[in-house]
Amino acid sequence: MADPFDADAERVLELSPLTLDRLGDIRQFLRVTLAELGCAGATDAIVLAVDEVCANLVEHATDGISPGPTRVSVRRSGIDAIIVVEDRGHPFDPADAPAPDLVSDWIDRPIGGLGWFLVKQMVDELSYDSVSTAQGMLNRLTLIKRGAASASPSGPV
Amino acid sequence: MQISISQQDHVTIVAVAGSIDALTADTLVTALLDEVAAGRTRLVAHFGAVEYTSSAGLRVLLSTLKEARQRGGDLRIADIRPNVRQVLELSGFTSILKCFADVDSAVASFANMGGNK
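Protein chains in written order, with the working numbering: chain Y, 999 to 1155; chain P, 249 to 365.
Think of the hints as simulated: they come from the structure by calculation, not from any bench. Mixed in with the good hints, there may be bad ones.
Pairwise CB distance ranges (calculated) [as the list claims (entries may be wrong)]:
id: 1; chain 1: Y; residue 1: Val1030; chain 2: P; residue 2: Ala279; range: 29 to 39 Å
id: 2; chain 1: Y; residue 1: Ser1102; chain 2: P; residue 2: Ile251; range: 27 to 37 Å
id: 3; chain 1: Y; residue 1: Gly1145; chain 2: P; residue 2: Gln255; range: 40 to 50 Å
id: 4; chain 1: Y; residue 1: Gly1076; chain 2: P; residue 2: Ala279; range: 39 to 49 Å
id: 5; chain 1: Y; residue 1: Gly1110; chain 2: P; residue 2: Asn360; range: 29 to 39 Å
id: 6; chain 1: Y; residue 1: Arg1029; chain 2: P; residue 2: Ala356; range: 28 to 38 Å
Since the structure is predicted, the reported quantities are computational estimates derived from the model, not experimental observations. All residues carry an ideal CB built from backbone N, CA and C; glycine is no exception.
Just chain Y, same shape as in the assembly (with noise of 0.2 Å):
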């Protein structure tokens, strides 16, 4: 178990299998870790783009194959705080998440869409990179969210 005491820890959360029934102890976990990492004003940003992540993952990364492991770690690196989400199910680079519509009138905004949108705008970097396994597919998404232990928690997210 890390040292709540060690900032630079790396704390890791296993899903096996990652299940929407999960995301609420995604967010616990989250929420827990920030406060022992010091990042606790970043939280409501970090637990967002994450659940939005692992939300992606159930309903579309695993289409015809079963929901393999997934792993939500976080650290903290300097006043930055790091979050790697690492899955196994199909593939899917974030920078291809179509523009979303945020102007349309009631009648022709589509509904969906907005969950990548969401995820970019609550981190400050994102990474992605998925390789071949003797397991399968490996695929890491790296969200870097700058100055999380300097954050107010009524600051802006």
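Given the coordinates of chain Y, work out where chain P should sit on it, guided by the hints.
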């Protein structure tokens, strides 16, 4: 997530508590669309106890808003916490969804709407 439904001045108030995510959104949209289908198209979503919403909550709101308006009613939202309001604002929802500080104001806003079409 908990949902409770009440009536006030011919307006249906749907009070939601807890978190709206990809798991719970289906329950909420079913509850809201059931109201619309029953002809109760003037709806106020009371979000004072909504601690969290993801984009799944946005899908719920837009689905309901479209159904209600196409039947001559509307979905309005009241008492939104700052973190939830920020999600609505970032997503451009505050330009299409009428937001009120409290439930009474949201209910009163329907008085100017006239009869259902």
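Hints versus structure:
For the pair valine 1030/Y and alanine 279/P, the supplied restraint of 29 to 39 Å holds, since their beta-carbon distance comes to about 31 Å. Here the CB-CB span from serine 1102/Y to isoleucine 251/P is close to 29 Å, well matched to the stated 27 to 37 Å. In this structure the hint that glycine 1145/Y and glutamine 255/P lie 40 to 50 Å apart at CB holds, the actual value being about 47 Å. Glycine 1076/Y and alanine 279/P have their C-beta atoms about 45 Å apart, which keeps the hinted 39 to 49 Å range intact.
At roughly 31 Å, the beta carbons of glycine 1110/Y and asparagine 360/P sit within the given window of 29 to 39 Å. At about 37 Å, the CB distance of arginine 1029/Y to alanine 356/P agrees with the hint of 28 to 38 Å.
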